[in-house]
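Undergrad: Residue numbers (my numbering), protein chains in the order written: chain A, 1 to 530; chain B, 1 to 119.
To be clear, the hints were calculated from the coordinates, so they are not data collected in a lab. Every residue, glycine too, gets a C-beta built ideally from N, C-alpha and C. Some hints could be false.
So, partial list: chain B residues that the calculated Cβ filter (under 7 Å) puts toward chain A [claimed, not checked]:
no.	residue
1	PRO21
2	ILE90
3	ARG101
4	ALA111
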Amino acid sequence: MSSSTLDLTADVVVAGGGPAGTWAALTAAVAGADVILLDKGYCGTSGPTASGGTGVWYTRPDPAEREAAMASREALGGFLQDRRWMARVLEQTYENMNRLETEARYPFPLVDGVPYKRGVQGPEYMRRMRSWIKRKGVRILDHSPVTELLVDGIGTVAGVRGHRRQQAGDYRVRAGAVILATGGCAFLSKALGCDVATGDGALFAAEAGAEMSGMEFSNAYGIAPAFTSVTKTAYYSFATFFRGDGSPLAGAGSQGGRSVIAAELLRAGTVLCRLDQATPEQQRQMRLGQPNFFLPFDRLGIDPFTDRFPVTLLLEGTVRGTGGIRIVADDCATTVPGLYAAGDAATRELVCGAFTGGGSHNSAWAMSSGTFAGRGAAAFAAGLGAAATRRKLTGVGEVGVTSADESGIGRAEALEVIRREVHPYDKNYLRNGSRLRPALAELDAVWDALRGGARATGGDLPGLRQAAAMVAHARWMYTSALARTESRGMARREEFPELDPNQYHRLTVGGLDTLWTRPEAVTGRGLAVA
Amino acid sequence: MIELVSESRCVSCDVCIAVCPTNVFDAGPGGIPVIARQSDCQTCFMCEAHCPADALFVAPQTHPVPDGSPLRDESHLASSGLLGSYRREIGWGRGRRPGARLAVGPELGRARITPAALS
Chain A
1 MSSSTLDLTA
11 DVVVAGGGPA
21 GTWAALTAAV
31 AGADVILLDK
41 GYCGTSGPTA
51 SGGTGVWYTR
61 PDPAEREAAM
71 ASREALGGFL
81 QDRRWMARVL
91 EQTYENMNRL
101 ETEARYPFPL
111 VDGVPYKRGV
121 QGPEYMRRMR
131 SWIKRKGVRI
141 LDHSPVTELL
151 VDGIGTVAGV
161 RGHRRQQAGD
171 YRVRAGAVIL
181 ATGGCAFLSK
191 ALGCDVATGD
201 GALFAAEAGA
211 EMSGMEFSNA
221 YGIAPAFTSV
231 TKTAYYSFAT
241 FFRGDGSPLA
251 GAGSQGGRSV
261 IAAELLRAGT
271 VLCRLDQATP
281 EQQRQMRLGQ
291 PNFFLPFDRL
301 GIDPFTDRFP
311 VTLLLEGTVR
321 GTGGIRIVAD
331 DCATTVPGLY
341 AAGDAATREL
351 VCGAFTGGGS
361 HNSAWAMSSG
371 TFAGRGAAAF
381 AAGLGAAATR
391 RKLTGVGEVG
401 VTSADESGIG
411 RAEALEVIRR
421 EVHPYDKNYL
431 RNGSRLRPAL
441 AELDAVWDAL
451 RGGARATGGD
461 LPGLRQAAAM
471 VAHARWMYTS
481 ALARTESRGM
491 ARREEFPELD
501 PNQYHRLTVG
511 GLDTLWTRPE
521 AVTGRGLAVA
Chain B
1 MIELVSESRC
11 VSCDVCIAVC
21 PTNVFDAGPG
31 GIPVIARQSD
41 CQTCFMCEAH
51 CPADALFVAP
61 QTHPVPDGSP
71 LRDESHLASS
81 GLLGSYRREI
91 GWGRGRRPGA
101 RLAVGPELGR
111 ARITPAALS
């Protein structure tokens, strides 16, 4: 360690300061743990939740309402959800949303005199989460990306190392347990608030020995006005889509017709849109419900209800997919002792199965899994007792951290391959083995080249690690996509358009240099079958 | 992308430097933050929301706007009401009602699928 390294100790470290990370930090702190939260950006503005409005999968504790909420999504999700997890997430979300009102004093709107809790405004929500966790004694380090996990002599996760970019110094935190709430991976596509979501936690977890699950459910693309960032796909349910020549683009739609938009963008480069199905009352409600949806229109002088404007599709990857770090216990433990995962960093198959449009299910999962992980990590740390602070720590980071022969490539070259092999609609969205296989080969080669590349230090290290994380993420995605030779949920294959009952399983994927997949029995369904 | 830091409006609180999730700003001479890494801007509008002086403007494009664009012109942005408009919309700032209090969007039914011929 250099003399400028900040050396800290905590019971629980939380990496990531979005909804999952803040709920995790809050829960661990309330359970009595000394908590440090590390955000690569700023806790309160980082990530897709902070920058928009989002629905919340909120239901009253009424058996019929809960049953309907669970049943409504099962076919969409390819029946891969876990009923028991869905029920506990609905229950936890109900409790958390009520606490958000009473303890964080979130200003919910009143509908017929009753607080309306089926949505939150991101800026307001995350601003209040930040002040709430500070009141509970959580120490927050902003602009402090984690760069690797630290383990003890038997491989138990025991801390993190990282960099403080505004102080130009490194840090190390010794901890009893670590929660990864680092978000999904949107591959720097500029989808709203998503450029901080580069899949860092999945790389860290894999280096410590953890597994991924559901990585084939990773081809989410959101609709945005062309050349802008505002991916608020839900309101495009009011849209009519047109070709560049003004003729209707038959079959196009925000749900159930998005691939038609992708195909037309590939063919002709232009798709136009008009939100002409919204009544004046709905138009007024849209502005109240999602003020930021209108920022591009107001600033470019477009009336989206009467004008035709060009749209594009931006990659949202596993932010609105369901793949992530595999969870193996009710407290969001991973397969590695001392390591927990929450929010978009973790697999959301347990509540969403093979499909999520993002939004309400993801936000319910974020706050619930954060709560579960915070409780689990605090208990794990407490169980270690005083021994927790006497362990010898070793970093497990590889690409960019350990020295190599410097003949390989760096961040810029890796990002170029990501743009070429992961962003395009004909590779990641409209999937076909004949295009996935060469793309995966290219990504494998980039991984090997990164492995052979130079070691980075200080402020250069986080960017290189993010590039490595994205390449690793893409390789897990395509490896899983190739292993699933059917179409289930969002994981569709052109050459296998039907659902195959013989592939009714989840897919675990892992490895860094050599990748592997393993089918996993679907849990928590009792006698239910596909 | 972030296009404007208004020197006349900026109160040198450096909040934008702290809250930008992609670390776009640096402290500048005379206390006016500078846009040091525009290409890292993710166009999330969060700096605008947190600026207490309505001194920042984020153009909706994810690429820099050309020189001479009205979206870089402070007098145009001020007179058109665009400067500070996001903060006004979400009801942040003294004496305003939080937009969250009113945020009930429309019920979303099944998405429309564009028909082959429009009536």
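Undergrad: B/ARG101 was flagged as interface toward chain A. Is the shortest Cβ-Cβ separation under 7 Å?
TA: 5 Å, holds
Undergrad: Identify whether the interface hint at B/ALA111 stands, where standing means a beta carbon of chain A within less than 7 Å of its own.
TA: 4 Å, holds
Undergrad: Does the interface hint hold: is B/ILE90 within less than 7 Å of chain A, judged Cβ to Cβ?
TA: 6 Å, holds
Undergrad: Given B/PRO21 as an interface hint, is its Cβ closer than 7 Å to any Cβ of chain A?
TA: Nearest chain A Cβ about 3 Å off; hint holds.
Going through the hint list in order, the structure satisfies each hint without exception.
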